[in-house]
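Asks: Residue numbers (numbering that gives the first Met the number 0), protein chains in the order written: chain Z, 0 to 296; chain E, 0 to 323; chain X, 0 to 444.
Derived by calculation from the structure, the hints in this document are not laboratory data. Hints may contain errors.
[Said to hold, decoys possible] Part of the chain E face toward chain Z, derived, beta carbon under 10 Å: (1) Ala47; (2) Leu51; (3) Val64; (4) Leu132; (5) Ile204; (6) Lys286.
Glycine residues also receive a C-beta, built at the ideal position from the N, C-alpha and C atoms.
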Amino acid sequence: MTAVAEGTAPLTTNPDGRQTNRRPGGAKRALQYTVLTILTILFVSPLIWMAVTSFKTQADAIDPTPQWIPAHPTVSAYDTMFGSADTPVLRWFLNSVLAAAGQAVLVVATAALAAYALARMDFAGKRLIFSTIVATLFVPAVILIIPNYIIVSKFAWLDSLTAVIVPGAASAFGVFFLRQFFLSLPSELEEAAYVDGAGPFRIFWSVVLPLSKPALATLALLAFLTNWNDFLWPLYVLFSAEQQTLPAGLATLQNANAVRYDLLMAGAMIAAVPVLLLYLAAQRFVIEGVSRSGLKG
Amino acid sequence: MSTVDAEILSTGAGDLRPVERKAGRRVSRYGGRWVPYVFLLPYLALFATFVLAPIVIGLWVSLHVWDFTIPRKPWNGLGNYKDLFDSQSVVGPDFIRSMKATGIFTLFSVPLLVVVPLAVALLMNAKFKGRNLFRAVYFAPYVLGVAVIAVLWRYILDNNIGLLNRYLGAIGLPDDIAWTTSTPAAWFALIGVTVWWTLGFNAVIYLAGLQDIPAELYEAAKIDGAGRWQQFRNVTLPGLRPVLMFVVIITIIASANMFGQSYLITQGQPGNETRTAIYYIAETGLKNFDMGRAAAMSFILTLCLLVLSGLVMLAFRERKGASR
Amino acid sequence: MTPTPLSRRNFLGLSAAVGLAGFAAACGGTSGPPGTQQQEGGGGTFTGTYDGPNVALAFWNGFTGGDGPYMKKLVDQFNKEHPNIKVTMTTIRWQDYYQKVPAAVQSGKGPDVGAAHQDNLATLAARRSIQPLDDLASELKLEENDFIPAVWQGGVYQGKRYGIPLDVHSLAQYWNSDQLSKGGLQKPPASKEEFDQAVSKIKSDAGVAQPFWMPSLWPAHLIFYSLIWQNGGAPYSEDGKTATFNSPEGVAALTWMVDQIKAGTSPRNVAIDTQYNAFKTGRNAGTFDGIWQINDLKTTAPKLKWQMAAVPQIFDKKAVWSNGHNFVLMNQPKPDDNKLQASKVFINYISEKSAEWANAGMIPARNSARQDPSFAKQPQAVVAADVDSFHFLPAVPGIGDVGFQGIEQAVAKATLLQQDPKTALDNSAGVANKLLEDNRKKFGG
Chain Z
0 MTAVAEGTAP LTTNPDGRQT NRRPGGAKRA LQYTVLTILT ILFVSPLIWM AVTSFKTQAD
60 AIDPTPQWIP AHPTVSAYDT MFGSADTPVL RWFLNSVLAA AGQAVLVVAT AALAAYALAR
120 MDFAGKRLIF STIVATLFVP AVILIIPNYI IVSKFAWLDS LTAVIVPGAA SAFGVFFLRQ
180 FFLSLPSELE EAAYVDGAGP FRIFWSVVLP LSKPALATLA LLAFLTNWND FLWPLYVLFS
240 AEQQTLPAGL ATLQNANAVR YDLLMAGAMI AAVPVLLLYL AAQRFVIEGV SRSGLKG
Chain E
0 MSTVDAEILS TGAGDLRPVE RKAGRRVSRY GGRWVPYVFL LPYLALFATF VLAPIVIGLW
60 VSLHVWDFTI PRKPWNGLGN YKDLFDSQSV VGPDFIRSMK ATGIFTLFSV PLLVVVPLAV
120 ALLMNAKFKG RNLFRAVYFA PYVLGVAVIA VLWRYILDNN IGLLNRYLGA IGLPDDIAWT
180 TSTPAAWFAL IGVTVWWTLG FNAVIYLAGL QDIPAELYEA AKIDGAGRWQ QFRNVTLPGL
240 RPVLMFVVII TIIASANMFG QSYLITQGQP GNETRTAIYY IAETGLKNFD MGRAAAMSFI
300 LTLCLLVLSG LVMLAFRERK GASR
Chain X
0 MTPTPLSRRN FLGLSAAVGL AGFAAACGGT SGPPGTQQQE GGGGTFTGTY DGPNVALAFW
60 NGFTGGDGPY MKKLVDQFNK EHPNIKVTMT TIRWQDYYQK VPAAVQSGKG PDVGAAHQDN
120 LATLAARRSI QPLDDLASEL KLEENDFIPA VWQGGVYQGK RYGIPLDVHS LAQYWNSDQL
180 SKGGLQKPPA SKEEFDQAVS KIKSDAGVAQ PFWMPSLWPA HLIFYSLIWQ NGGAPYSEDG
240 KTATFNSPEG VAALTWMVDQ IKAGTSPRNV AIDTQYNAFK TGRNAGTFDG IWQINDLKTT
300 APKLKWQMAA VPQIFDKKAV WSNGHNFVLM NQPKPDDNKL QASKVFINYI SEKSAEWANA
360 GMIPARNSAR QDPSFAKQPQ AVVAADVDSF HFLPAVPGIG DVGFQGIEQA VAKATLLQQD
420 PKTALDNSAG VANKLLEDNR KKFGG
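Generate the whole structure from the sequences, applying the supplied hints.
Replies: Structure follows, in structure tokens:
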């Protein structure tokens with residue numbers, strides 16, 4: 000082995016079996032930590048600023064001298080937010096959760112069924128169907144906005160959560176992703192179930208799905224996040240305050256209160272804190288799920 | 000029973016399929032011939048209604064003078080498309096300006112969004128104390144969603160009382176930059192906020208890709224005398240290629256579709272300079288109900304995006320062939 | 000090969016498929032959008048009361064400011080006095096309102112009654128969002144000579160009446176009383192000379208470096224409208240077919256606005272709402288804003304001592320931008336006679352309560368209500384004294400968007416010092432004229 004020099008390090012085997020180069024201590028480590036810490040400050044301080052401002056009075060929020068500690072701490076912004084019928088922030092949050100969860104369920108359910116057929120079954124038109132689905136992977140969503148609005152309007156779904164859940168639930172990525180996954184599963188278990196007399200639906204439900212939990216969970220997570228973050232569509236298809244999701248509602252709030260930064264930060268906090276709490280609890284799962292999406296099968 | 004007769008053929012990709020009988024009749028362990036279609040039905044119903052039909056409807060709408068609220072929708076052939084490139088028409092100049100806005104944003108944000116998260120991921124690649132904490136912090140903004148981020152940053156970027164200008168002034172730089180109402184400051188603002196928002200997302204994907212590169216490759220490179228930079232070029236980059244291509248493509252698509260930041264932070268200001276193409280399409284079609292023109296715009300934008308994605312994939316594929 | 004019978008139906012995919020199919024079938028036959036035939040306002044004679052079965056009415060408006068609570072109070076009163084009618088009020092910011100109403104009506108989810116600005120009535124009518132209500136106007140015994148002519152005419156589009164006028168409102172000026180008196184002035188300036196004098200006195204004697212902030216966005220274009228009318232020009236031709244705001248009178252008007260910034264009376268790059276906020280916190284001395292801000296000032300700046308007056312006469316004529324709220328009846332896919340009757344009763348009720356509505360800072364539309372002694376006590380009476388100076392935009396469909404893409408852009412560019420007034424106005428006039436022609440083709444003449 001070469002001598003330990005700048006940039007090289009002895010190989011160590013970590014508990015998970017991976018081998019990594021552990022950096023030597025000292026200056027390198029300190030530099031690394033410094034950079035990462037600066038980044039952390041850049042990431043965390045705006046969030047702290049948001050939190051702090053939500054407890055300021057209207058005047059303090061527009062004080063040219065930044066107040067990291069409010070001069071006159073108050074919950075008046077929150078009072079206004081919770082008290083006004085035009086800004087039901089908690090309702091917006093609930094709508095967002097319902098919409099995102101609803102769409103995630105729909106995405107996973109439809110994609111799993113379709114992907115299984117495409118992975119394991121032979122039938123007329125299979126190639127055509129699959130190529131059509133894959134082709135739409137590259138079609139940008141912008142082309143669907145106007146026509147889907149017309150369709151949704153004809154179905155009388157405007158201003159209801161259905162409009163935010165159903166149209167986007169046909170996920171070509173989901174089918175592609177799950178098909179890859181199903182293809183990678185060894186088919187012995189399915190074979191065995193068939194030999195035991197199980198029908199295709201039973202095989203799918205009792206054998207394949209339980210094996211696919213990580214992939215299904217990843218897809219559900221991605222679908223949830225995509226819908227959660229969706230802004231343009233809900234902004235235009237949801238009108239009334241009770242039907243809006245968080246992004247649309249916050250936009251309404253900002254439009255109506257351009258410089259009431261105390262209110263805006265309070266609204267943002269009400270939108271952010273539950274999400275952050277959920278995230279803290281499930282953070283490992285979320286991040287690992289996202290990481291998997293970039294790797295093929 | 001069919002499974003006893005069927006041989007399992009394995010293709011190179013690990014694809015397992017029952018073999019086809021020579022007579023051409025498909026053998027399936029999956030019951031009746033209609034079973035696959037039942038499995039496909041839910042997805043295809045959604046797909047046909049909300050993906051395929053809209054593409055056709057959109058094309059149809061784009062060939063008419065189509066206002067959502069007016070019954071009369073006369074045929075217009077390619078008139079809408081011509082209007083988009085006609086500097087004398089009502090929409091032409093605005094459309095070109097909005098495409099330009101999308102172009103500027105994509106051009107300048109994509110490199111940053113591809114490179115900076117990679118740098119951060121490299122920094123975090125080794126296992127060290129607190130890594131998961133850092134990773135969680137950088138990813139956090141993404142979960143918050145564009146609305147929270149944009150409302151927060153509009154406040155920080157406020158011309159008079161925003162934190163950014165206050166601190167810039169404190170260190171001696173100009174403290175009155177109109178981040179949200181003037182260009183090019185607005186572009187810096189929009190790009191900066193987008194990087195802040197999605198850095199963690201891309202970094203996490205990179206990290207997974209980096210973890211996947213076998214350590215032996217680095218070992219071998221080092222034995223060959225490769226320095227850090229050469230290791231990066233010859234081991235890391237090739238190993239990351241699929242992930243890199245994935246990140247580049249999703250970043251391009253996300254940047255070309257940027258709407259929320261522009262709507263909430265700059266409102267398309269100054270004038271309409273930061274009004275992106277998709278923002279203009281939404282305003283034209285869903286606010287002014289001029290759907291014929293909006294549909295035509297969306298087809299043009301789609302065409303451009305398809306070409307761009309194609310070029311990216313071509314670029315990545317070529318390099319792969321060349322390096323052998 | 001033994002085909003396995005279909006069993007175990009209780010799983011996600013199949014039920015989803017069935018559910019979707021059923022849903023699609025149910026929705027396939029929904030009633031189409033209204034307005035393929037324009038509905039005639041009708042439904043029997045109006046007795047002033049509603050005796051039918053219980054109905055629920057949806058009432059949409061854009062009263063997001065200080066005026067909202069007053070309308071809400073009136074609605075609550077109405078609900079109490081009419082046990083068989085329940086009106087639910089929904090408030091949407093005006094800018095979004097004019098987008099959401101046609102979309103909602105088109106998809107059958109529109110409200111029953113709404114409030115709308117006078118200059119948007121033509122647009123809503125042309126988009127078939129609202130229905131004519133000539134008969135309601137006569138049943139309410141509205142008479143032409145009881146209204147300002149422009150207000151009376153403003154509700155008519157293509158020979159039919161679409162709006163019942165509720166109020167009139169205009170731009171006004173607000174000044175900080177303390178700083179006025181420090182500058183040796185008793186009341187807000189009434190002319191160009193007095194304005195310049197006020198500004199310089201307050202700069203020197205009251206220590207306010209920038210006494211008057213010129214906005215670049217809302218309500219900058221309202222200031223521009225007022226000034227161009229004062230100068231003898233007009234934003235559009237009388238028939239609403241051409242943009243005329245780039246006339247020399249218009250250029251002079253916009254130049255005056257820009258001059259305030261160049262002279263240092265106003266800072267540059269005044270972001271939206273900041274000039275009004277600065278007034279509330281005493282950082283500037285005066286601001287132009289609508290009379291509707293009266294209540295917002297009372298609630299959110301209670302300690303501020305202020306005076307309101309009609310806008311100063313900078314040029315030769317007395318003129319000020321004005322608008323008005325009207326009641327409208329929405330088109331419905333399936334006309335419901337009971338709801339129609341109830342809506343008319345509601346409109347009648349509110350339009351008789353103009354005294355209470357005046358508390359919201361509005362000026363009653365009817366001359367009789369304005370001349371009533373109880374109105375004289377309202378702060379906005381000082382502005383109402385001169386209704387002849389009220390100018391309204393022409394009733395042309397789509398005029399709102401033309402203004403947004405045309406004049407508002409020019410005013411913004413000029414006040415942000417990105418273009419000189421003449422260039423900005425000329426460019427915008429080109430855009431506006433194209434839009435006007437486009438609209439004529441779309442909406443039909």
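Asks: Each hint should be assessed against the structure and marked as holding or not.
Replies: Here is what the structure says about each hint:
Here the hint on E/Ala47 is kept, as its CB sits about 8 Å from the closest CB of chain Z, short of 10 Å. Evaluation of the E/Leu51 hint against chain Z yields a held restraint, the C-beta minimum of about 8 Å falling below 10 Å. A distance limit of 10 Å between C-beta atoms decides the matter here; for E/Val64 the minimum to chain Z is near 14 Å, and the interface restraint is violated. The restraint placing E/Leu132 at the interface with chain Z holds, with a minimum CB-CB distance near 8 Å, inside the 10 Å limit.
Given hint, E/Ile204 at the interface with chain Z, holds; its Cβ is 4 Å from that chain's nearest Cβ, closer than 10 Å. Nearest Cβ of chain Z to the Cβ of E/Lys286: about 8 Å, under the 10 Å cut. The hint holds.
Consistency note: the structure conflicts with earlier hint 3 alone.
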